[in-house]
Amino acid sequence: MSAAPEPSPAASPAEPVHVSRNYLNASYTVRSWLLTVDHKRIAILYLLGVTLFFFLGGAAAVLFRLELMTPQADLVESETYNKLFTLHGIIMIFFFLVPAIPAVLGNFLVPIMIGARDLAFPKLNLMSWYLFMIGGVFTLWVTVAGGVDTGWTFYTPYSSTYSNTYVMATAVGIFITGFSSILTGLNFVVTVHKMRAPGMTWFRLPLFIWSHYATSLIMILGTPVLAITILLVALERGLGIGIFDPKLGGDPILFQHLFWFYSHPAVYIMVLPAMGVQSELVAAFSKNRVFGYRFVAYASIAIAVLGFLVWGHHMFVSGQSLFAGMVFSILSFLIAIPSAIKVFNWTATLHRGTVAFDTPLLYAIGFIGLFTIGGLTGLFLATMAVDVHVHDTYFVVAHFHYIMVGGTVMAYLGGIHYWWPKITGRLYPEGWARFSAVLVFVGFNLTFFPQFLLGYLGMPRRYHVYDAGFQVLNVMSSAGASILGVAYLFPMCYLLWSLKYGRSAPANPWGAVGLEWTTPSPPPTYNFVETPIVTWEAYEYPGSNPAEVAD
Amino acid sequence: MNTEFQLFPDAASTTARPVDQLYLSLVAFSAAMSIFVAALVIYLAIKYRRNNDVDRTQRPTHASTEITWMLLSLPVLVFIFIWGAKVCFFLLRSPDGAMPITVVPKQWMWKFQHANGRREIDTLHIPVGQPVRLTMVSQDVIHSFFVPAFRIKRDVLPGRYTDVWFEATEPGQYRLYCAEYCGTNHSRMVGKIVAMTPGDFAAWLSGASGDDEPPQVAGEKLFEQLQCASCHRAGGDAPARGPSLEQIYQRPQPLASGETVVADDAYLRESILRPAAKVVAGYQPIMPTYEGQISEEGVIQLLAYIKSLGSVEPAPPAAAGTPTGEATVPQGAGRLEDQR
Ligand SMILES: [Cu+2]
Ligand SMILES: [Cu+2]
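Listed in order, the protein sequences are those of chains A and B. Quick note, the first sequence lines up with residues 1 to 551 if you use the working numbering. Quick note, the second sequence lines up with residues 1001 to 1340 if you use the working numbering.
Excised from the complex, chain B in its bound form (with noise of 0.2 Å):
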């Protein structure tokens, strides 16, 4: 936890190992022609010093050397950029089966939920062994997710899921920072991350829940109190004001632009908060605005109980009980879009 005095880093994910050797390589580079430029200028710069009696003809500088020099150092970066580029895939790309947990910070927090409901302030359980995927976003400003232990990092955004996956290796207990400059307390926005076996860490999930419902649950009961269901609720005998949930997600939606969106996470979350953006084929855009009435956490509640009525095609299985990041969503699909 970083109280020692070390000159390298804890590694304790399965990112950590190609992330250090990369890094390694690279010093090891980098100290080689640094060396090697110094000791040419040392070189250089006392054998030619003004009064020392050398040869000083010179020969015409031919633009080939140059070239060459240039030709020789392309191979060079660009093997360094696959090298990096094949490690940043396996970085940043989440498999299948993660476990999934939200992560929602605010100014200056860490708010975690796990998927039976189980929630954490400032302190995430996890076991060993499991890759676990947090889907995040933030309720005010940019942070950043930072476990230097695992090598990993990711920005919390405000109105956009971003997400970050990781498999911790070693049970204990390690860092996590808050890396984007957020406001007077940044520097105290810090907190651990537990890693345990996975029989300690079911012990410990199952323990203690308390009163933590699932998300899906607490989204079914405020889908309830905000009265979704007078308009969108399916079958009845008149016509419904909203479209059906009814395994809306991850199926295609006609708009009335003529375009046509897939409902996931963006898609649904945008919906809620700004309804008049992209509004369902067929349908007035009667919806209110629910911006600013319902926290972040509770967006994630009502998209789990959305999720839970069930989907076109079965949703990857990280995906369950939380909303997909944008790995699956092609860049700036996720982002917000003006409203008109």
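Excised from the complex, chain A in its bound form (with noise of 0.2 Å):
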């Protein structure tokens, strides 16, 4: 039960114990980095790589919300128009939202948090950070070369015939990041099978654990088909063999077929780590166990297993038979459940917790508000009737972003602050950083909000020059997001900073509980001086809610 006999975590050794040698500080050359297989490295490595990727696509977003101020083209070009959020969405997809939480706090954390000393393949995963940086840096290249102007969705036949732009260069980038991303998925799955601590049972395993689980087995059975659909367009391009393109004998349906069959499961590649580090924030600050631990962790499997049975309904306008729009229909319904199960639970766990407003707090208290308006409007978008109306307008932009921005980016800048102390050993400014999470929920709100609006109006998506009468709802669109772009180069700035001048952190600055609190900051190369033993319960603070009972 509640007060649990001896070594309860919280209580395990807690104030700083001086450790001289950390993974940091072990050796400073530029070659024991780039040739590190240590996964809290590689973990930085990627820190590097996502940052680097958010800002660049957040560069086109600038450029092209500026463009949207008037309804006219003034900024740019249509071709440029089209490349730019050609860019946008394809730099935060494939290079940040996919590989951001697992990628960086899944690969600092995941050995961590089950007592490992490392991830089981250690220098498979450091050759995924190469793979995914040569992917990046080609579409890059290939950007500053010529740019793309398919959508990040690549729709046949435009994209395998009609484009003129560098389509396969581009895809050949995604290809090879692709791979990045089943190594990442395949490191995980067999680390959580094979290496727990003794004592950490499937049961005692933190959610972040689960919902990285879970992704794994997205990434492993997803990204082939990716693979599989990018080799489909080179062949049709390169060869002019006939698949996609109905002058070819193909048909362009098949492609939406194979995309979304990938890219709604990645939807929840990009969620469900961000749903794991919210279960931890909401545990650490409300110092409560989980409330439906396990019915918590089988959400995560059950949104990976019912993520693959939707794809269809991308495709209600497409020409897919009405039957087919029905049953695609409810299972997207169906799909809603688990994850408001979760959003249920997190909130259930404040209830009679010990509430503390730091950052990370703030930051899932957002991703609470967020999520669930990007939910329930999914709700629209899974009801056919409405679906046909806004389908392909920004009522569907505003709803991705609320789960992909509102949801993905508000839960890793809450783990990035959670974790920050971990990872480097020092302590942000908590003022700047309160007010940095109220300015991008404030930003967020103030761009995406205004595009329902639209999107129900009717303004289609990806349209470079609209009607008058869109442009005031544009106008605050772009306002928004001016706010949202400062908002994100503050933390930039102050994690920086802290760095240098932040206050070293403690092996547990929060008192929170978990494996990764129990070593010191920064962690030891090994991770612990010590294999752990675990005999506690996840989420085991003093006097909170017992694990459920099976009744």
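I should point out that these hints are in silico values taken from the structure, not numbers from a laboratory. All residues carry an ideal CB built from backbone N, CA and C; glycine is no exception. Keep in mind that a hint or two might mislead.
What the hints assert, rightly or not - Derived lysine to aspartate or glutamate pairs resembling EDC-like cross-links, with alpha carbons at most 20 Å apart: (1) A:K247 to B:E1246; (2) B:K1106 to A:E79; (3) B:K1111 to B:D1096; (4) B:K1106 to B:D1096; (5) B:K1192 to A:E79; (6) B:K1192 to B:D1010; (7) B:K1278 to B:E1259; (8) B:K1111 to B:E1213; (9) B:K1192 to B:E1291; (10) A:K123 to A:E79; (11) A:K247 to B:D1020; (12) B:K1086 to B:D1140; (13) B:K1192 to B:D1122; (14) B:K1106 to B:E1291; (15) A:K247 to B:E1291.
Claimed, not checked - Which chain B residues stay away from chain A? Per the calculated CB distances, all over 12 Å, these: (16) D1020; (17) S1034; (18) A1098; (19) I1121; (20) T1169; (21) A1218; (22) E1224.
From these two lone chains plus the hints, build me the complex, please.
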């Protein structure tokens, strides 16, 4: 029950154990970073990579939001506009949202949270970073060399026959990066199965691990389909083999089936890890066991499985039969249930907890609000009759930004703040951090809420010029985007500042439980001085709500 | 026409009302849920804040609590689904007797043709109070026919017919957008729908028709020009090299492969463009392919001509003069098969 006898993790080696050697100061050479097989250092390498891509993808958004201040074309030509939104989508999805949480926070935390010294395949882990960077830099180079204008969705036959931009080169970049995703997924699955510390049973795992496990399954099963799809487009574009273009005897809808068979589950590659972070944040800042722990864990798996069965909801107006549409519609409604379970359980975790309003909790609360709106508007899109009207309009754009930015980016930032002391051994200025968290929330809503209205009014997405009646809402959205842009720069600044000037962090600055808080900040190269033996349940805070009763 | 600032779109078709009712109910439901969640989070977070002295005794969580939530959410979801499905059936199934119009867009324009042959580009005149049914096929990439004021949208695919129907309720001009990204000038692929009273529309339709011929007339000319008749002619002394086209529309055709296929639009279209794919039993696969030699409009005209030669069962009235789209074709039947 609640008062666990002896070593309660919260009470274990708490205050600054001054281990002089840690993973950061183990060696300072460039070589020691570029050839490292330490999962923590690889996480840092990923952090640098995804941060670079985030700001590049953001820069593209700044440009087209500026362009959209007026209905006419004034800043850029249509070709450029189309390349900008394509660049934004590709970079943000494949090079930021998909890797952000798993490859940075997951890489750093999965081994530590289960009491392991590293991931199962450390060299594979390094290789996956190289694949990621090669794919990313290649894609960037393509952009500089001329760009691509198909949208991140690459719909055929536009992409396979008609576009005369660098479709193939971009696809190669994404293809390569896909393998980094697959390798990361494999690594996590094997690690969670084989490398848990003694006593760390499946139901003692933090929910962060459960959600990363579910994510890894999707990465392993879904990403190859993306690779195959890209290959097929290449065959058609390069060799003229008819697969998607009806003029060559192909079927353009086949592409959409293949593409969404990966890309809908990919939404959960982006969201499940965020849900894992969210569970950690809510538990740590209400000093309470996550309400309905097992249900949250099972919900992750349910989402991973159901996520593969709903791709057709992207094709309600594509010429899919009415009955196929109905089946995809009802399955899409069903997938709302596991997500709703999570939202209710996070909320219920606050009940009778001890709530501390530190920065990570502000992000977590923001996440609940924005993810709820994102999820509920998903119901609109699952309802075919409404989807017919709002499909391919700004309503969809707003919806997925509430999920991807309101959900994933909020959780990512919350997680970065929560584990920053652990990762760097430094504390950041709390005042600035709280201010930025609030600013992100305000800027986000101002940017994307007007887009719901624009969508129902009928403004199609990917429009460079638009009707004058849409201008007011577009100006609001652009104004919000400028606030959001600034709000994202703040953490960048004060977190960097903290590396040099921040107070050094104790092993457990938040008084949180979890194995990562039992080891010094920053952790030693092999994470633990001794392999921990786990005798406690997950989130076993003193007086926290006990494990659920099966009845 | 979306030139003034609005917060809610014009509603000008019979589908707009049911869609709006469903949408607004979802908005109300979502707003209630969001406010409930937000209020609960804020209330709990403040009540149980660190330094507040409140009772924090925990009780064990029961699995039944979670299961109750799940079971409670099910009827709500099923209710929304059924309501949505009902509206959807109305939205997607065109009523009998709808006025046929063909739409053949390409990068970046909308081309329309009325049953009497009158053509338009980027503007479509229609009568109010009369269901209109568009049969659409793209000349190049995927486009999407979207009229916000009517709450309808349908993708226009290359190589396959899709259709959409609507009934305008208010005379006026409404925006037409291409909703599927289709290249450089995607955002300029806009047009307008001019809804007129039936009297005005009849006058408009008959006036200024000029040299636009009805599709079946143009189709007959094309038929002659391509010398289709040298093989597909009933009667004559020598056995014909191709099946007769008299009354072929909607007639089941036995294939050389032993299967049977109904000679619907999709089949006829395929047999013109890729004749070798499904050869009628008893004939040699000698017909040349017309892929790339006839425009989509040409194919539609040929189909109109073939239909004018009669059909076994009375074709649905909606289909007269234009191909029927996919509502009458099972899923996939209209899809192009790989050429062997
Ligand atoms: Cu989806
Ligand atoms: Cu278009």
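Here's how the hints hold up against the structure:
1. A:K247 to B:E1246: violated, 29 Å
2. B:K1106 to A:E79: holds, 18 Å
3. B:K1111 to B:D1096: Violated. K1111 of chain B to D1096 of chain B sits at ~24 Å, over the 20 Å cutoff.
4. B:K1106 to B:D1096: violated, 29 Å
5. B:K1192 to A:E79: violated, 24 Å
6. B:K1192 to B:D1010: holds, 14 Å
7. B:K1278 to B:E1259: Holds, because 9 Å separates the two Cα atoms, which is no more than 20 Å.
8. B:K1111 to B:E1213: Within the cut-off at roughly 15 Å; holds.
9. B:K1192 to B:E1291: violated, 32 Å
10. A:K123 to A:E79: violated, 42 Å
11. A:K247 to B:D1020: violated, 39 Å
12. B:K1086 to B:D1140: Given pair K1086 of chain B, D1140 of chain B is violated - Cα atoms ~34 Å apart, limit 20 Å.
13. B:K1192 to B:D1122: holds, 6 Å
14. B:K1106 to B:E1291: holds, 17 Å
15. A:K247 to B:E1291: Holds, at about 7 Å.
16. D1020: Since the minimum Cβ distance to chain A is about 9 Å, D1020 of chain B lies within 12 Å and the statement is violated.
17. S1034: About 5 Å separates S1034 of chain B from the closest Cβ of chain A, which leaves it inside 12 Å; violated.
18. A1098: holds, 17 Å
19. I1121: Holds, because the least Cβ-Cβ distance between I1121 of chain B and chain A comes to about 19 Å, which exceeds 12 Å.
20. T1169: Given a closest Cβ separation of 16 Å, the condition holds.
21. A1218: Per Cβ check, A1218 of chain B is outside 12 Å of chain A; nearest 23 Å; holds.
22. E1224: Check passes; 26 Å lies beyond 12 Å.
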